[in-house]
Amino acid sequence: MKCPTEAHSLLHEAFGTLQELDCTHPPRTAAHLREMQETYEGLGRTLAELALATHMSVERSPVIVVPPAQMVPLPLLITISITDRLLRLAIEAVTQERGPADGLQFANRLAAILSVNIGVEHVPYFGGNFFGRHCRTITSGCGEIVDSLLPLVSASRLTAYECAWELWRGVLSILNRAALIPPAEQARFKDGARAFVSLLQGSFPWFRTSPKLHMLFAHSWEFMWLWGSTELYGEQAIDSWHCFYNQDAPRFTAETALLSYRKLEQKMALSGVASEALRRAKAPLRKGNAAPRGALRPGDRRLRQKTTWRRECLATLQKRIDNRAKWAKDQFEEGNGVIEAYAEN
Amino acid sequence: MEVSLLEARAHPAHLSRAVEGRLADLWSAGLFIERPAYDPQGLAIPQTRDYEIPSSRRPSYRDFCPPDHMRDIHISIGLDRGGEPSFVKAVVSFINQEHPNRLRNTLLVAVCAKSKDKYPEVAILAPHVAQILRLSYTGVVVGGHKRAVRVFVNSDFPAISKRLVTRGTARPCFARAALA
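Here the protein sequences come in this chain order: A and B.
Residue numbers for the first sequence follow this note's numbering, so the first one is 31 and each next one is one higher.
Residue numbers for the second sequence follow this note's numbering, so the first one is 74 and each next one is one higher.
None of these hints come from the bench; they were simulated from the model.
Any given hint might turn out to be false.
Cross-link-like lysine-lysine pairs, in silico, BS3-like; alpha carbons within 25 Å at most [claimed, not checked]:
id	chain 1	residue 1	chain 2	residue 2
1	A	Lys349	A	Lys359
2	B	Lys187	A	Lys293
3	A	Lys242	A	Lys220
4	B	Lys189	A	Lys242
5	A	Lys242	A	Lys359
6	A	Lys297	B	Lys187
Hey, can you work out the whole structure from these sequences and the hints?
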């Protein structure tokens, strides 16, 4: 085990760590960012000349300076990252209690449950994780994952894991709601988020609080408290543009990448003329359909169980199986690394 | 809207005009929603004061953070890599409406290629930040009131926010100075 240096101990004392949930870290300020902007740009100093306690990990000149209260805690990234962490935690728990062979076997089983029972597949982007909507689907169907753990881990761990999913489900429904959240629900969100992180840290001794978990534990509710919502201010808009480009990519082909960017920008500029605001303002009033939406009758075929089987070629199926196995292997290796490091310490 | 090509990026030539245009559209369509700040009791802080251009050349508030009781507009700015092929896209959203994250309700302000070091990607925002700074100095007239500009950052790219590239043991938190 690597011992902390004296300098690191001093930093630890001054700033605390993300692992200490009850530690009140000194808040960052816009003034510090401005100071760093001046240091790098005005005085021309470099990172190597500054101590960590001075630059506090601001390693480049900030392009835009806003106070911490106006930095959005990125609800989509939190959703994806924490759902992925919870899935890996199950693999880690099995590896820790039953050994690496069972851990790997469980990882493959988990991948199959996610794909077949819950109906989600991981995507090549988002670091090979599941995207936002799928994270919510996984959270709704977390019972399948808990059931699969039943014979493999101790009762206390299983209860803690099940409880963690329950808390996460409550937190997620508020975190990802693009609307103003009433104060009572905000209070529930704060309690849930704090209980969730405390439970994980208390029940799984190898578990370390990641920056995303810290954001959830300490800052997302602060932001929500001040502005009424996190999702309204979130990063979904950028992802909408990625999807838009993916769907219409052939329309933006050009001789060079730069011309391709211009085509995309021009498309945005033209569509901007017909913005949502103007479209709705000039649209004739339409009478709404009195019948409720959604799959209500047996023949509606909206539920997964009711949809007919879609024929797929062998190559597609094989690719999916390979990807699933790769996801399981990657998750296991990462989880196993955590458990090995914990065992060494 | 005019589109400019600069080195290896494309972006609208006049972001401030585009922002003003979008807000005017929202107001005329009756879709503009006030977004106040909330006090610790969960009550909206009433916005009672209009923004006034200061007589000196210095803006009356700093860091895109006007006083809570001043009428303002909320815009969020962020950038991310993505798509196939993958580009860096910078997007501005207008929060003073019901669905700020819908594609049509946002402005794609810059597109550029990825780089190994993320900093040049962030630098594409620099001209836009200058325009938003000017906008925050002059204020924006919406619904007969001159409003201040409050900017939110929704990206974890280095140097746009305080959440920066980790190095060694110092993994930073975006709002608190804490080690990992």
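Going down the list of hints, with the structure as the test:
Between lysine 349 of chain A and lysine 359 of chain A the alpha-carbon distance is near 15 Å, which keeps this suggested pair within the 25 Å criterion. Straight-line distance between C-alpha atoms of lysine 187 of chain B and lysine 293 of chain A comes to about 18 Å, which keeps the hinted pair within the 25 Å bound. Between lysine 242 of chain A and lysine 220 of chain A, the direct Cα distance comes to roughly 15 Å. Compliance with the 25 Å bound is thereby established for this hinted pair. For the given pair, lysine 189 of chain B sits about 23 Å from lysine 242 of chain A by alpha-carbon distance, which is consistent with the 25 Å threshold.
For the hint linking lysine 242 of chain A to lysine 359 of chain A, the alpha-carbon distance of about 23 Å falls within 25 Å, and the restraint holds. At roughly 21 Å between alpha-carbon atoms, lysine 297 of chain A and lysine 187 of chain B fall within 25 Å of each other, so this suggested pair holds.
Violated hints for the displayed structure: none, as all numbered hints are satisfied.
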